[in-house]
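Heads up: the sequence shown begins at 418 in this note's numbering, then just goes up one per residue.
No false leads were slipped in.
Cross-link-like lysine to aspartate or glutamate pairs, in silico, EDC-like; alpha carbons within 16 Å at most:
#1 Lys437 x Asp484
#2 Lys525 x Asp453
#3 Lys437 x Glu477
#4 Lys481 x Asp457
#5 Lys497 x Asp420
Here are the in silico distance ranges between beta carbons for each label pair:
#6 Ser438 x Gly499: 32 to 38 Å
#7 Pro421 x Glu458: 19 to 25 Å
#8 Val488 x Gln514: 16 to 22 Å
#9 Asp457 x Thr427: 20 to 26 Å
#10 Ser445 x Phe547: 21 to 27 Å
#11 Gly515 x Thr475: 29 to 35 Å
#12 Pro510 x Gly467: 33 to 39 Å
Hint data in this document are derived by calculation from the structure and do not stem from the laboratory. Fair warning: this is a prediction, and the values are worked out from it, not measured in the lab. Don't be surprised by glycine CBs; every beta carbon is placed ideally from N, CA and C.
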Amino acid sequence: MNDPIGDMLTRIRNAHMRGKSTVSTPASKLRGWVLDVLADEGYIRGYEKGTDERGHATLEISLKYYDGTPVIRELKRVSKPGRRVYMGSNDIPQVRQGLGVSIVSTSKGVMSDANARNQNVGGEVLCTVF
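Between the sequences and the hints, there should be enough to build the whole structure, so can you do that?
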């Protein structure tokens, strides 16, 4: 697999379209950090670490719904393996005029765009959520 973050985002999108309450994805530190930001911003209920039938580590993501509709309306991958997108702290765009969140991988860890601006750090824009 070339793009593990893109794979996780696609799994979340597909589970939302099917109305699933949970979705499983292979575990990694970066995926966990992205899920931490999504949970802190209120887009998912949370996630738990587990193992699949072959003994591989997995993350069980609990999706969030409001009145039967998914809380996440749009989930886009910005920086891809073929085209990385890096931005300074002043250049990180607001998503839907502040209603959405960009998830940024910085030298101080993975964080939301607002936290990156507050800490005056830039980095790789992983994805946007609205």
